[in-house]
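Just so you know, the sequences run in chain order A and H. Residue numbering for the first sequence follows UniProt numbering, starting at 1 and increasing by one per position. Residue numbering for the second sequence follows UniProt numbering, starting at 1 and increasing by one per position.
For the record, the hints were derived by calculation from the structure and aren't laboratory data. One or more hints might be untrue.
No distinction is drawn between identical chains; accordingly, a pair holds when it is met within one copy or between any pair of copies.
Stated by the list, open to error - No farther apart than 25 Å at their CA atoms in a straight line, the calculated lysine to any residue pairs in the SDA-like style are these:
#1 Lys-614 x Gly-162
#2 Lys-614 x Arg-142
#3 Lys-604 x Glu-164
#4 Lys-614 x Glu-164
#5 Lys-182 x Val-319
None of these values were measured; they are calculated from a predicted model.
2 protein chains.
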Amino acid sequence: MSDDALVIFTPSGKRGRVAKGTSVLAAARKLGVDLDSVCGGRGICSKCQVAPGVGEFPKHGLSVAPDALSPINAVEERYDRIRGLKPGRRLGCQACIQSDVVIDVPPESQVHRQVIRKSATERAMEMDPATRAVFVEVPEPRMDEPSGDFQRLARVLEDDWGIEGAEAAPALLRTLQPVLRKGGWQATVAVHDARDGRPPQVLAVWPGLREAPLYGLAIDLGSTTIAGHLVSLTDGAVLASSGLMNPQIRFGEDLMSRVSYAMMNPGGAAEMTAAVQAALADLARALAEEAGVEPEAIVEATVVCNPVMHHLLLGIDPVELGQAPFALATSEALALAATEIGLTSIAPAARVYILPLIAGHVGADAAAVALSEAPETREDLSLIVDVGTNAEIILGNNQRVLACSSPTGPAFEGAQISSGQRAAPGAIERIEIDPVTKEPRFRIIGNDHWSDTPEFGTPEITGICGSGIIEAVAEMRMAGIVDASGLIGSAEQVGSPRMTATGRTHEYVIHDASPSGPRITVTQGDIRAIQLAKSALYAGARLLMDEMGVERVDRVVLAGAFGAHISPKHAMVLGMIPDVPLDQVSSAGNAAGTGARMALCSIKARRHIERQVKRITKIETAIEPRFQEHFVAANALPHATDPFPELSKVVTLPEVSFNTGGDGGAGGGRRRRRG
Amino acid sequence: MSDDALVIFTPSGKRGRVAKGTSVLAAARKLGVDLDSVCGGRGICSKCQVAPGVGEFPKHGLSVAPDALSPINAVEERYDRIRGLKPGRRLGCQACIQSDVVIDVPPESQVHRQVIRKSATERAMEMDPATRAVFVEVPEPRMDEPSGDFQRLARVLEDDWGIEGAEAAPALLRTLQPVLRKGGWQATVAVHDARDGRPPQVLAVWPGLREAPLYGLAIDLGSTTIAGHLVSLTDGAVLASSGLMNPQIRFGEDLMSRVSYAMMNPGGAAEMTAAVQAALADLARALAEEAGVEPEAIVEATVVCNPVMHHLLLGIDPVELGQAPFALATSEALALAATEIGLTSIAPAARVYILPLIAGHVGADAAAVALSEAPETREDLSLIVDVGTNAEIILGNNQRVLACSSPTGPAFEGAQISSGQRAAPGAIERIEIDPVTKEPRFRIIGNDHWSDTPEFGTPEITGICGSGIIEAVAEMRMAGIVDASGLIGSAEQVGSPRMTATGRTHEYVIHDASPSGPRITVTQGDIRAIQLAKSALYAGARLLMDEMGVERVDRVVLAGAFGAHISPKHAMVLGMIPDVPLDQVSSAGNAAGTGARMALCSIKARRHIERQVKRITKIETAIEPRFQEHFVAANALPHATDPFPELSKVVTLPEVSFNTGGDGGAGGGRRRRRG
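If we strip away everything but chain A, and leave its shape as in the complex, we get:
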């Protein structure tokens, strides 16, 4: 009879012979099988649960005896009695291999598992986190061997867990001694190893065995809003999401006005840095509270942002980003102490990873979108547009990926629009205009009913959000209220009492509760602002298509929190994006945030995007003469009729053109006009 036994692990298929009596956990480690364990085989953490097979396994040519594993022992019985063990499950650290056996490692017992998360995008989140929790029993201090508590801990990490040369920041050392004593020299420590050439770091420590997950923050730091997700580092689950306004708005609504603020005010950059760092700390605090997790268990963060926000976050004066050649101070990914970006409200020794920047105007947010959407993995040609105050545009396939950014301004976010507001309850987000009667109906955020139904009731209507204004302008165009040049017709021209003259231009009244309530209109200035924004977006996309040498793309992905709410049909009516079949337009939700979350959950994702960013061809819109050409050419509103009538009511109207003889309104002077 042989002294060793064959063990086959599924689903990995890894196999090998081990000495009889070897525990399943030890066998898994020996064969490089991904089997979790926090307590290191002490039978207390239950992370190493396995499902042994019994009977015939023709695929493996194996017949497994019922006693292939040692009988359930006292540790397992106790665990089952107190905590409950699923039928057929064993603790890998207790069950010993007695003869040839097939052992299944269920997904929840794998560290590097792929977790499918139900979300807007149903994204598979691959788990390969940099920080993991391990349980340690630290030898007590002895006067005849006066090593530091941390050195004895580090030795255990090396001996028990194979973690070599672990270090600790002073912030961790400050908490270490009382925690070790409180836990009776048993502790759970969060060990960070980003496999980036730096020594492993102990980030946090708890007395005794801590079974709750470790957490991380995925932060999407936008010019206007800062969004954060609190994520479990065990399975990538989002426990809480929250957003707040970027407090830098008071220094300038768009990026270039903030750069100007820094240039013109000594200490201005530092002031903006302090503001945004404080906001991040607030956001982290709010997320921890919302999810009910202790802030000390948040041990990592990832940040994505545009280059100006990136530099301001790090305290780097962004002045160079305001002028050609838009030189970045640093472009590569950064791994820092979280306190270096003001994240003082989480674990004191927490780490932060900031994704790489692509170019002077194409940020880590675009890198995160590229990571999330991965156009380089597809044969078809994807145009990915992340719409915000700045639009990040990526065009690519498995041959080549291009990227640029385009200064759309904040109109798409409801800013600089007369009745505009950010997306909040009471804001008009959907609108339809009857092409015959010119009468509108709409829906507001926080109300599931259209305004022309009795169920709508009499809610407060506060303004128009970004997606609402796009629909409004597109519907006005399709209803013949606006001509191809963007000019709003008069009451006479349009044939509707909803048209009101304001000086030499006209506006369209969507809702009028005056004098007691708001009067919500679309003005000529609003149309011009949307035209400027959509021309910038379209011109950026066209520039990349020129560079790629294509006239059309296979699919369009709208990313960004706002992109999730844009009606693709209306976007194409406006000419925001190139025409593609409507079923080839999809929303990626907050792709930048998803990319941040992927980088948070996986070191592999970090390494992938670091490599990929170097491969992306960067196009600088600001100095490309063709960008101006495309911008001017894209000013018109191309579609007078619904380009997708099969999806909507079919109404064909004659093309209209309003010639008032004067200037049509704000911004019109710079644009090509119909004669």
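Put chain H on the given structure of chain A with help from the hints.
Showing chain H alone in chain A's frame:
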């Protein structure tokens, strides 16, 4: 004719063949010869000066032709004209090898040179600094290759200097862009590579070529005083030295009272941390100002201190150090950002190295003394005593090294002494008492003359410093004013009007300018304080001698700023240290400071002391019963007469004993008394 030539470098003796036409600098690099260069061979920094030999070199079997090197070229001529080149010197980057040649690299052209410094100890300082300055020409940013300024700099460091994977902290990135532009894309950068597994770090950047040295701070953080040296990282020269009181004194004079303060006051440890960190920043500022160097050129610091100060500096509550087993939070050397210990007044990205701790009561200051004095390199047995508020004691030879610390208290520093004061102008530092007349004469700090000479004048006399009180007590003993138990005799017993009764004890008046000036006396309480301190010191030394199994040592080294001023004879009269021949007692000056300076100047020194500390046998005095025994036994003042009469005036007096029937004064109750 061969295409290559033999080149022999002296003093290294390195030799090899290089292609003719190779520059001397390139040949040195190829052969691994230590030849400095900041500008990287551009002929502007002059650091690579060499002295080529001409003629016969029988030792090498070589005859060097006069034209073995290429003729002096325009770059060298210009340099010589403007800056002056010593006769026979060439610029290694310009002179090319044309035939077999012997080239001497003068010490000032070596990076890793040994520099002999004139100082109290004439120590040879081996230069192997972690941070060096290199000159770079950084490619300008291009829009079609939008890498960060730092990434382009890092690439130049790799290509031109072989420095791979350099990183930069945000603090450096904040200054990078304006500096690169100011220097027209030429810059001098300070690159730190401690060869400790961490990536190289850029610590500072200057526009153009910077020829001034980089600087470092060697800080000896004592319980009572903080001493700092500003050191050139080019040659180890001390440009300025300064000290200030440790502001933590207001929380407790000795370490244990500070530990108590931390235990009894919530936030007390943090308060003490803030105080000492602010003091370090002040000290650095003062040193930079004194030496007239820009604070940004101070790129490194090393710190030595006892374990309590170590933990308080890092913000670690020292509570565990107040009770057995005196567990350290961390014991190994630390490499941190200087800002982590509050050093905010030097280069923003500066680094700090904190030497390892030896044990719970034996600190990095003792490690620094061990580094400086290196008993492990000697055959004879050295007893090294670093006298301060805590005495660090090291006993060892090339077989074995032992260490302990002993709580002497602040008496040796003039504290807790009735007329005591710190060493400052006006303080009595030397004293002699005539054994017949019992009249004293003394010298004060800041005055080169004895008080009984006309040149002494009428200076203000303010008190007695630490070395003064030791001499006073020893002289009183030898003059028969004090008996072996430490009791001061009365005027009658001693036969001197300088004896004054104060209650049931007596005091000896050294100087009396009352009522208009100070009255400086040695009281019975002062004698007791000195007895306690010296007993603790002696007991520690004896404990190590017991452990080593020896009854005598070969030599005694007195270290510490105070040790430098102690008269060895008087120390032995008091029984502070074991008896050894007087010529075997030496002062090592501020050995802890010297050790800090060695670690500052040399990575090799850091690695050496890290290894050595692990080899040292640690003895914990606080729990060793024999320590108490030795302490009690050491209370007496052993020498009634000058033990080294050949070095002094020979007067032999009968042994005296004063029996007053009562308690002799403070502390006396705990001690063994003569019946």
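Here is what the structure says about each hint:
When the C-alpha separation of Lys-614 and Gly-162 is checked against a cutoff of 25 Å, the pair qualifies only between copies, where the shortest distance is 22 Å, while the shortest distance within a copy is 33 Å. Proximity of Lys-614 and Arg-142 under a CA criterion of 25 Å is satisfied inter-copy only: 15 Å between copies versus 52 Å inside one chain copy. Taking the shortest Cα distances, Lys-604 and Glu-164 sit within 25 Å of each other both inside one copy (20 Å) and across copies (23 Å). In this homomeric assembly, Lys-614 and Glu-164 come within 25 Å of each other (Cα to Cα) only across copies, at 18 Å, whereas the closest approach inside a single copy is 31 Å.
Taking the shortest alpha-carbon separations for Lys-182 and Val-319, only the inter-copy value of 14 Å comes in at or below 25 Å, while the best intra-copy value is 51 Å.
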